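J.: All chains, please: the whole structure from these sequences, using the hints.
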Amino acid sequence: MKVIIAEKPDQGVTLASIFQTKKHQGYIEIFPNELFPKGAYMTWAIGHLLQLVPPERYRPEWKQWKLETLPIIPERFQYEVEKAKAKQFAIVKELLRKPEVTEIIHAGDAGREGELIVRNIIQMSGVKKPMKRLWLSSLTPKAIYEGFRQLLDEAETRNLYEEAYARACADWLVGMNASRVYSILLKQKGMNDVFSVGRVQTPTLAFIVKREKEIAQFRPEPFWEVVAKFHIDGKQYEGKWVDEKGETRIKEELLAQKIAQFCRNKPAEVKEVQTERKTFHPPLLFNLSSLQAAANKMYQFSPKKTLDILQKLYQKGIVSYPRSDSNYVTKGEAETFPDILQKLRAFPEYQPFFPLPNTSILHNKRYVNEKKVTDHYAIIPTEQVADPAKLSADERKIYDLVVRRLIAAHYEAAVFDYTTVITLVDGRARFISKGKQQIQEGWQKVISQREEGEEAILPSLREGEQGDVLDVRIKEGKTQPPKRYTEGQLITLMKTAGKFLDNEELEKVLAKTEGLGTEATRAAIITTLKERNYIEVKKNQVYATDKAKVLIEAIGEKILASPEMTAKWEQRLSEIGEGKASAAHFMEQVKKLSKKIVEDALASSQHWNFAGFDTASIQRTTSKATLGKPVGTCKLCGGTVIDKGEFYGCANYAKTKCSFTISKRILGKTISQANVKKLLQHGKTNVIKGFKKGEKTFDAALMWDEKEKKIVFSFPKK
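Under the working numbering, the first residue of the sequence shown is numbered 1, with each subsequent residue one higher.
Calculated from the structure, these hints are not laboratory results. Computed from a predicted structure; not experimentally measured. There is no bait here: all hints are sound.
In silico DSSO-like links for lysine-lysine, alpha-carbon gap of 27 Å or less:
#1 K304 <-> K85
#2 K434 <-> K445
#3 K83 <-> K93
#4 K717 <-> K692
#5 K644 <-> K684
#6 K538 <-> K213
#7 K693 <-> K538
#8 K22 <-> K87
#9 K245 <-> K434
#10 K538 <-> K483
#11 K538 <-> K710
#12 K558 <-> K595
T.: Here's what the structure looks like:
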C-alpha cells in the first residue's frame, strides 16, 4: 500500500477524484485499482506544516533583542511543527508509519516550495521508506492519471529540495539578523517599531523609495511648443516647430511667441517624408510574471490576486501550472493546441477569431522550444476547456487573458507604417509631424493594444507639395516627474533585477534572468511590504511610507539594498536546484554576509541623519503589550477608550454600540498613543506634520469638535 502526500487539502481531493474513494478525517482512502492494486491513502499538508524554530530554541539568550547577541547563527537549522497544524501532521505521520505502507508518493506542487513542504514532513516523521515523485503541470483527469502512471524517482527532484531548504535558511539568517540590528538601532533614534528587513523585500523596497526620492526632488519647469496647422494641396495636418537638435520644447515664452508670429499666414512646403515599416510579432505565451503584469495593467489586479485566481483555475483543471517561469511549450503540448482551440471556438467570445490564420504552431520556435522549458511550460488553457460564462467575473478575466494569448500565437504579425514629415514654413522654420498607418492588423485583432500618446493618422503627402499655414497656436506645458510604479511594474522590476523594461514579454532580458525572488514568491513579497507598512497602494500607484524611507536611508548603499547581489544569490540558488552548486558552500557565504550586515549597520548608525523625516510618527501601532489597555475617556459616552489593535475604540461598544473610534493611521500618518491621550484629555493633539491628501501634504493638529461630535483638523495659524 502507498501513502500519497499532496500540498493542500483541495489538491488532495482533486488528485483522488479519478479513483473510487472513501473520506476520513485528514485523508482519503483510495480503493484498489489499476494504478494501485493494493489501494492507497491520499493525505495532505496545509501549506507549510513545519517552520524553522525561533532563535531562543537554539540558545535562551537569543530571545531578547540585544545588540550583544548578534549575529545569530545556528550551527544546524531545525524545524518544528506549527501548533495550529499539529493535528494534520499527526494524521500524516500515523499513515506513514502504518506497517502495510511500503512506499511514499510525494505529490506536492511541482516546484521548489512543494518539494520542501512534503520532504520536511517525511523527515520530521522519522519514516524512511522508498519514495516516488508525482510531477504535474495540469490537474485534468488525463494529466493526473498519466502522472501516477509515470512517477519520477525521488532523486530526480532532490536538488530542488536542497535549493528550497538553502533559500529558507538563508532568508531566516539575513532576515533575523538584519531586522533585529536595524530595529534596535532605529529604536535608539526614537522609532519604536519593528523594521523587517529581507534578502528580497529590501532591494525591492529600495526601488520604490528611490522613485519616491526622484519625485520629491523633481522641480517642474515650464516649456512652450509652437503648433501649426497646414493646408497642403487640399489636405490638412498639424506639426510642431522643431530646432536643429530635434527638440520641440522652447524654454522661453517670448521666443515661442516670436516663432508663432513669424509663421502666421506664411507659405509652407513638404520638405521631407520618411516612412518606416515596423513588424510586431504576436506576444509570447504567459509565464506568471508577465500574466501578473498584464492583469495589473488591464484590471488593476494585485499580483497576489492574480496568482490566487490562477491557482483556483488550476485546481479546476482548466489552466496549466500557475507558478511557471517559462514562456514556451514542448512539442507534446503544441500537438494538443488544435483540439483545445476547436473547443474554444464554440464560445461566442472567441468565434470572431476563427478560422485561425495558422492552424498549428508546432514548428514555430517562438513558442515551441524544448530547451527553454524548465520545470514547467508556459501558462496555457488545458484540454479541459471551460465555458467562460460559467466562471466568476474575476476568473473569467484571467482565463480570457490566457486564452487570448494562445489564440494570438496562431495569428500573423501586426504591421504598421510610421511616417515622419518635415514641413518648412517660409523656407526657414521647420515643423515635424508624426503619424502611423495600420498595414496589417494581425494578432491585434485578438489582443487590442492601447497606447498612450498614439500617433495621429497623417494624410498621404509627397516631398515638394506646397500650401499655407492655416493657423498657429502656442501650447504651454510643464515637465513631469517620473511616474510611480504600479504593482504590475514592480513584478517586472523584480524579475529583471531593476533593469526596468516596459514590455511584458521581457524578450531582451538576459537569457538567464538574474531576478529578485522567484515566480512563486514575488507576489508574496509585495504583499509583505504592504502588511509591514512600507508601501501603500492608491489607484494602482505604489507609494513609499516614511517608515520605508527611514529604513532605506539607514541601509544606504549597503549590500542589503543591492538588487545585483540579491539577483546573483537567486542565480546561485537556481544552480543548487540544478545540481551545479553546493548548498553547504552557499550557506557559509550567507553566514559571513549576516555577520557583515550587523557590522555595517553598527558602523553606519554613528552617522545617521534623519532630518526631514517625521520619525515621531513611526511607532508600533499593534502590540500585545498595549492591546486592550486604556488610553483615556470616551468623548461620546464617558466610557473607557482602549487599544483595539488597528484603532482605539470605546470599550462600551459591545454593550451600548458606542461608535467612538480613533484610527491609528490618518491620511498616511501614524497617530501616536501620546497624541491620542492628549486628544482625549485636552481635546487636541500636538501639530502633526505631513498628512497627505492626493499629491498635497499639510500639517495640522487633531481636535475634538464638541458641536459636531467628531474629530476634525485644526490648522496652525500662519
